[in-house]
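> Below are the chains, spelled out letter by letter.
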Amino acid sequence: MIVVKEYEAMLEAYGKAGGNLGALRNKEVGNLVIHRNEVLSANEVEGIRIETEKTEAGVNIYFLVEEGAKTKYPVHLCFGVLPKEGLQEIILRVEAQADSEVTVVAHCIFPNAVDVIHRMDADIKIGDNAKFCYQETHYHGEFGRVKVIPKARIRVGKKGVWQSTFTLIEGCVGMLDYDFELFGDEKSVSELLVKAFGKKEDDINIVEKIHLDGKEARGLAKSRLVLSDNAKAVVRGETYGNAPFTRGHVDCLEIVNGEGVIARAIPLVYVNNRQAKVTHEAAIGSIDNKQLQTLMARGLSEGKAVDVIVKGVLR
Amino acid sequence: MLEIKSLRLTLNGKPVIDGLNFEVKEGTIHGLLGVNGTGKTTLANLIMGISYPDEGSIIFEGLDITRYTISERARMGITLAWQEPARFEGLTVGEYLSVSRNLDSTEIDNYLWVVGLPPAEYLNRAVDASLSGGERKRVELASVMAMKPEVAVLDEPDSGIDVVSLPHIMNGIAEMSKRGSAVLLITHSEEAVRVAGELLIMCAGKIVNSGPPREMCQWFKNNCSTCNHVGEPSYEGA
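Chains A and B are the protein sequences, given in the same order.
Count the first sequence with my numbering and you get residues 230 to 544, in order.
Count the second sequence with my numbering and you get residues 4 to 241, in order.
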């Protein structure tokens, strides 16, 4: 009975946060719903196997995409802590076997958090010629007391594709300590993207590392941050060209829109092969004046123009 | 409609705009021709309210708007297309055209067709670096048209444009005029000024001559090709 109540409460929070409720109720859609350390729902679909094990503070998850499987719909994951206080530790092991293709949409919900820690430790293996898209979106309350600590080690096989987007723009971030490290094999294509909107006293720490280990591997470490009030952020984007004809790029944009903001970007580009090439670009500063003036010349107020620019950057 | 009266602006001790006078008339395309550094873009910025003059006034429909903000002028119907238009990450062409007012899809399609951009191909493209320079300028022109301005200042919409894009740009400008907007077309191109009803010649911060485009182009060639007066007043009494 308690589980049913928690499940309904999670669905309600998920719906309020803009999540697709129909997807969680559809039997044809793979899903996994976890509140703290309780698995409230797990629906496997053809080609997807989900195993879970409850631990004291969270859940261990084994997520398998079988060889050659191509899912019709994205698989939905929903993690959350609804009370004001709590700890959730997700240990995630992902294996996407060769020639498989899947999109995973994860929502992490902490609407009432006053003292909540959400930790994810992921070990992800993408097989040869497999494609894995991972979109993680966070919905936080306005209290800004969540500590989010997602860490992932990702290995992408030959001709494999990894695309991940981590989005935290609703509510206050709290403290974010994001650390994704990726190793790309021959002809793999990888993209790490983080989008965050820091407000009040938010503290954002982002590490994106891409090791291009296989010949002709490509990688992009991208981040888009908007910081207001007294938020602070540091972004470390690192790309290593370790094999012939690898191409990597680090792209960081931080828009500073507050008096107390501190923003830093520390790109690192490293090559140990004469035929490899990695590049970086980092821009930190206030809203671009020309963009602002252009929108104002179309009749928008300065405030509205800033909103349009910020929404675009974080989209 | 828009009167520029005795406008002056000095930068670093040098007059950039030097007692400039002219009038933009309703429904007319006014070409503005001048060599580099004569103050054309500065004038565009003054009209839009991006910068303010030291002296003189800008009168729009009888109202002195010299100290009005960019947004205030835009809401009155004045707008500007930049020579190098800004790029917007995450904003689609369709959204960009709709920032000034709510447009339905038919209207957006119409504006894109006018500048030769097939809506099916461009509507959901981002207004970012993925657009070529020519495409971006055409999108800019479409967004100006979408605003239905009373006065549109177009700062070199034809510069750096390939031969395929140019006719679409010129078509867009002509169409804007047909729909009732007055246009101040800043350009270096003789071809571009053919759409103008009147051509103003600018030199060293002043309008030094004005008249029919063909005649003025010839005057410009005869007088400005040998001119050494960039940045200094010249052609007094021309």
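To be clear, the hints were calculated from the coordinates, so they are not data collected in a lab.
Backbone N, C-alpha and C define an ideal beta-carbon position, used for all residues, glycine too.
Errors might be hidden in some of the hints.
[Stated by the list, open to error] With a straight-line Cα cutoff of 25 angstroms, these simulated BS3-like cross-link-like pairs (lysine-lysine) come out:
(1) B:Lys181 <-> B:Lys224
(2) B:Lys151 <-> A:Lys519
(3) A:Lys533 <-> B:Lys151
[As the list claims (entries may be wrong)] Selected chain A positions facing chain B (Cβ under 7 angstroms, derived; list incomplete):
(4) Lys388
(5) Gln392
(6) Val418
(7) Ser515
(8) Gln520
(9) Thr523
(10) Ala526
(11) Arg527
(12) Gly528
(13) Gly541
(14) Val542
(15) Arg544
> Next step is simple, just say for each hint if it's right about the structure.
Going through the hints against the structure:
no.	hint	result
1	B:Lys181 <-> B:Lys224	29 angstroms, violated
2	B:Lys151 <-> A:Lys519	21 angstroms, holds
3	A:Lys533 <-> B:Lys151	20 angstroms, holds
4	Lys388	25 angstroms, violated
5	Gln392	17 angstroms, violated
6	Val418	18 angstroms, violated
7	Ser515	14 angstroms, violated
8	Gln520	4 angstroms, holds
9	Thr523	5 angstroms, holds
10	Ala526	5 angstroms, holds
11	Arg527	4 angstroms, holds
12	Gly528	4 angstroms, holds
13	Gly541	3 angstroms, holds
14	Val542	6 angstroms, holds
15	Arg544	4 angstroms, holds
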